[in-house]
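One line per chain: the protein sequences are A and B, in this order. Going by this note's numbering, the letters in the first sequence line up with residues 125 to 546, in that order. Going by this note's numbering, the letters in the second sequence line up with residues 125 to 546, in that order.
Be aware that one or more of the hints could be misleading.
As the list makes no split between identical chains, a pair holds if one copy fits it or if it spans any two.
Restricting the straight-line Cα-Cα distance to at most 30 Å, the calculated cross-link-like pairs of lysine-lysine (DSS-like) are [what the hints assert, rightly or not]:
| # | residue 1 | residue 2 |
| --- | --- | --- |
| 1 | 412 | 502 |
| 2 | 412 | 427 |
| 3 | 540 | 427 |
| 4 | 441 | 497 |
| 5 | 441 | 540 |
| 6 | 412 | 243 |
| 7 | 243 | 305 |
| 8 | 243 | 540 |
Derived from the structure by calculation, the hints contain no laboratory data.
2 protein chains.
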Amino acid sequence: MLYFYSTRFFANVQPLFRGFYLADRCHLTERSTVMTVCGITAEYNPFHTGHLHHIAETRRSLGENAVIVCVMSGNFVQRGDFAVLDKYTRAEMAVRCGADLVVELPLAAALSSAEGFAKGAVQTLHALGCGTVSFGAETADTNLLLQAAELLNSLPMKGESGSPHLSYAARRQEELSKVNKQAAVLLDNPNNTLAVEYCRFLLPLEMRPLAVRRQGAAHDACAPHSGFASASLLRAHLRDGDFAFCAPFLPPAARAVWKKAADCGEAPVALPEDTLLALLRTALYQGKLHTGSADGFDERLRKAVYTAHSFSDAVEKARTRRFPAARVRRALLRAVLGVEADAPVSPAYLRVLALGVRGRAALRQAALPVIVKPATEKRLPANLQAALCRDAFADDLFALALPDPERRIGGGHFRKTPFCLR
Amino acid sequence: MLYFYSTRFFANVQPLFRGFYLADRCHLTERSTVMTVCGITAEYNPFHTGHLHHIAETRRSLGENAVIVCVMSGNFVQRGDFAVLDKYTRAEMAVRCGADLVVELPLAAALSSAEGFAKGAVQTLHALGCGTVSFGAETADTNLLLQAAELLNSLPMKGESGSPHLSYAARRQEELSKVNKQAAVLLDNPNNTLAVEYCRFLLPLEMRPLAVRRQGAAHDACAPHSGFASASLLRAHLRDGDFAFCAPFLPPAARAVWKKAADCGEAPVALPEDTLLALLRTALYQGKLHTGSADGFDERLRKAVYTAHSFSDAVEKARTRRFPAARVRRALLRAVLGVEADAPVSPAYLRVLALGVRGRAALRQAALPVIVKPATEKRLPANLQAALCRDAFADDLFALALPDPERRIGGGHFRKTPFCLR
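Chain A extracted, bound-state conformation (with noise of 0.2 Å):
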C-alpha cells in the first residue's frame, strides 16, 4: 500500500527538549495513534550483538512501547563497500532482533560524507514521524554533542578554508577548535563525529538525540572486547568463511538468517574487485568520472583509474591526507554506480526492507510515498522515474557480486519483498 502525505505533515510537531529522551510526542492528528516512534541509523553490516544491545538500550530508554524504526545503507555502505549482505537479507536481521521497521537510506546518501549520510538519514527518520534519534556514541552528554552541532551549523566553512593538506572533516575541526576545544575533542572520534551530524540536522527539524554509550569493541577494532566485536571485524572473518569466529558475536535471530543466506548462496558479498576497474575504466572513458570537487580531487581519480590495476590499486594511487580512502571508495563508487554529485541525499521516497506489526502502524504516518511492493514503483511520479531506475540498477550490479553464480541473474529488485514479522 502506498501513502501520500505532505512532509509538513510533521512540521512543528515536536518541540525541542533538549537532552530528555521522555515519550511526549503524541500530538498527531487523524490516521496516527499515540505512539513514541524513535529512529536509529545503521548500516547493520552486519547486524551483531552491539546492535542489539543499542536496540535494547534506547528501548530502555523511551518505554517497551518505543516503536524502533531504522533507516539503513541498501546494499552499498558508507565506506564505499558492496555490503556483506543484501539489504533485505540485513533488515530482516534487525527486525528479528527487535527492531519494528526498516526503510533504505537513499543511495546517495549512503555513499557521502559523515554529513551527507547523516542528513538523509535524519531526514528520513523525520518522513517516518521520529520524535527522537537513538545513536551509540563514545559520550553520552547530548548537550555536549548538540552544542558542537550548533557551533558546526554556525561555522562559516568554505571549501577551502583551513590548512590544505588536511581533510574537510579535519579542517572543520580544526576550526571547530577555535571557538570551542572541549566539542572540537569530541569530534576524534568516528562515532562521536557521526552523533554531532545527526544532531546538526535533528535541530532545524526539532528532533531530539539519544545517544546511548556505545560498549566493547571501538568502531573498526580489531578485536573483540566484552562479548562485542566491530562489524568491521565481523565483516573480515565472514568475507574469510570464519563464520565459528563471528558466531558469539551474532545475536541468535541474526546467526539463523547469515546462515540461511550462506546456505543458499548469498553470502558472504565482497566488493568484485575485477569488474569495478573496468566500470571505472568505462566510466573514465566516458567522461563520467568526476565529482564536481575544485581541488584537484577529480585529476587524481582519473589518474588513479587509469594507471591501477585493481579496484584497491586505485583506491591506494589517489587516497592521500587531504582526500581519505573511504571518500575515494565512495567517489569510485558513485561513479560505477551513476550517483551524480548533486545527486539529493534527502529522501523523495521510502523504501521498506523490512517489518513487524508495530512498524507497518508506523508506516501510515508516512510523509513521503512508501515503496513496500517493488511493482508499485512504475506508479510513482515521473520525475522520481531515475532515481528508481538507479536504485534497480544499483541492486542488479550488486547481485553480480553474490557468491552463487546462478544467483547473479538482473530484476533482484522487482521480485524482493520486505521481511513481515507477524
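Assemble the complex: chain A is given as a structure, and chain B must be docked to it using the hints.
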C-alpha cells in the same frame, strides 16, 4: 613516420585478370618501387602451421620477392571474443613466420559479420597497395568464387526477404541458389563464404583473388589432421594451460613468442565473463544496448542481458537459428566497447602492428595515414580522434583480462610499439 596519400593514388592501377596470380603490379609512380604486394586477411589467434603453409603457398605462387601484407583483427576477434594473445604479439608471430607487414583491421570491421569483416579487410589492403588478396578456401577455383561474388553483388537482398527464421547469411544463400546452385553450394563452408565475401569487395577495386586450398583440419575442427590443428582447438588447449598439446602445431618462431608472452603473464587471455556481464548490465541501464536492427534482435539482447547470470548465459539466452551465437557475441562486445551500429568498417588510418624490411618499404605506398608510434595519434585530424580514443579504450579493456593482475594497468595502447624484424 606518417604519410598522407590520396586513396585515388591506387585507383585503376591493376587491370582485372581473373584467375591469374602472377606479379604484374609495377606501374606505381614516384616513391613506389617495383614490387608485388599481396594481402592476407587474418586473425592469427594464434598463428599456427596452417597459417605458415598459407604464407608459403602465397609466396610460391607470387615469387620470393612478393611482399606479404597482412590485415589482422586487433584484440577482439570476429567470433565475438577476446583474442587469446594481444595484437602486437600475434603480429610479431606472423612477421617472424614470413609476413612482411601486419596492420590492424578497424575494430568495427573485426566485430562485424563476414560481409563487414571482408569489406574492411579488403579496403585496408587496397590502401596498402595490394594488387592481390590471398586467402584459404576449400576450393581453389577462383573463377567460381568470383562468379558467386558477382551474383551476390547483384542480388536485390532486402533485410527482411527470404525465410524469416533463417539468419541473414542463410537467407542470402537461399536466394543465391535460385540463380546458381553451384555457387550457392560454395557457401556451405565458412572459409568459402569468407572467400566469396573477399571477392565481392575485390571486384570493384580491381584487385585479384588468390585462393590457396586449405590443408588439414577444417575450420573449428576438434581434432588435429595431418600436422594441422584449427585455431579454435589450439585456443582451447592454450586457455587450459596445455601448451604441450599445441607445440607441434605452432611454428617454432611462433612457439617462442607464445612462451615469452605466457612467461611474463600476458597470455593466455580468456574472455572475462563476470566483468563483461557487469559492463553489459551497465550498458543496458544506460540505454546503450542497441544494434539498430529492426528484426527484434535488440529486444532479445536486452532481455538476455537482464536475465543472464554470465556473458555466456546471455549469449545462450539471445541466440536463435536466426540470430547465431557469433552475431550475438559480436553485438554484445560492440555495446561494451562503444562501437555504434553505424561505425564504418572502412579504414581511416593504418595502425602498424609488426613489420620487416620489405614491409617498411610497402608502407611508403600507403594511401592513408600510418600510425607506427602511437604517440603520433594526437597529430591525426580531429575527425579521427573519437575512433582513436575507442581503440585505446578497447586495448585498456583487453588489458583487464591479462593473466597477471599487475599488467592490467591502462595506457598500454600508448606504450606498445610494433615489433620490427631487421
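Hints, one by one, checked against the model:
{"no.": "1", "hint": "412 with 502", "result": "both (27 Å within a copy, 22 Å between copies)"}
{"no.": "2", "hint": "412 with 427", "result": "both (13 Å within a copy, 26 Å between copies)"}
{"no.": "3", "hint": "540 with 427", "result": "between (39 Å within a copy, 19 Å between copies)"}
{"no.": "4", "hint": "441 with 497", "result": "between (42 Å within a copy, 28 Å between copies)"}
{"no.": "5", "hint": "441 with 540", "result": "between (38 Å within a copy, 23 Å between copies)"}
{"no.": "6", "hint": "412 with 243", "result": "within (26 Å within a copy, 34 Å between copies)"}
{"no.": "7", "hint": "243 with 305", "result": "within (24 Å within a copy, 75 Å between copies)"}
{"no.": "8", "hint": "243 with 540", "result": "within (27 Å within a copy, 49 Å between copies)"}
No hint from the list above goes unmet by this structure.
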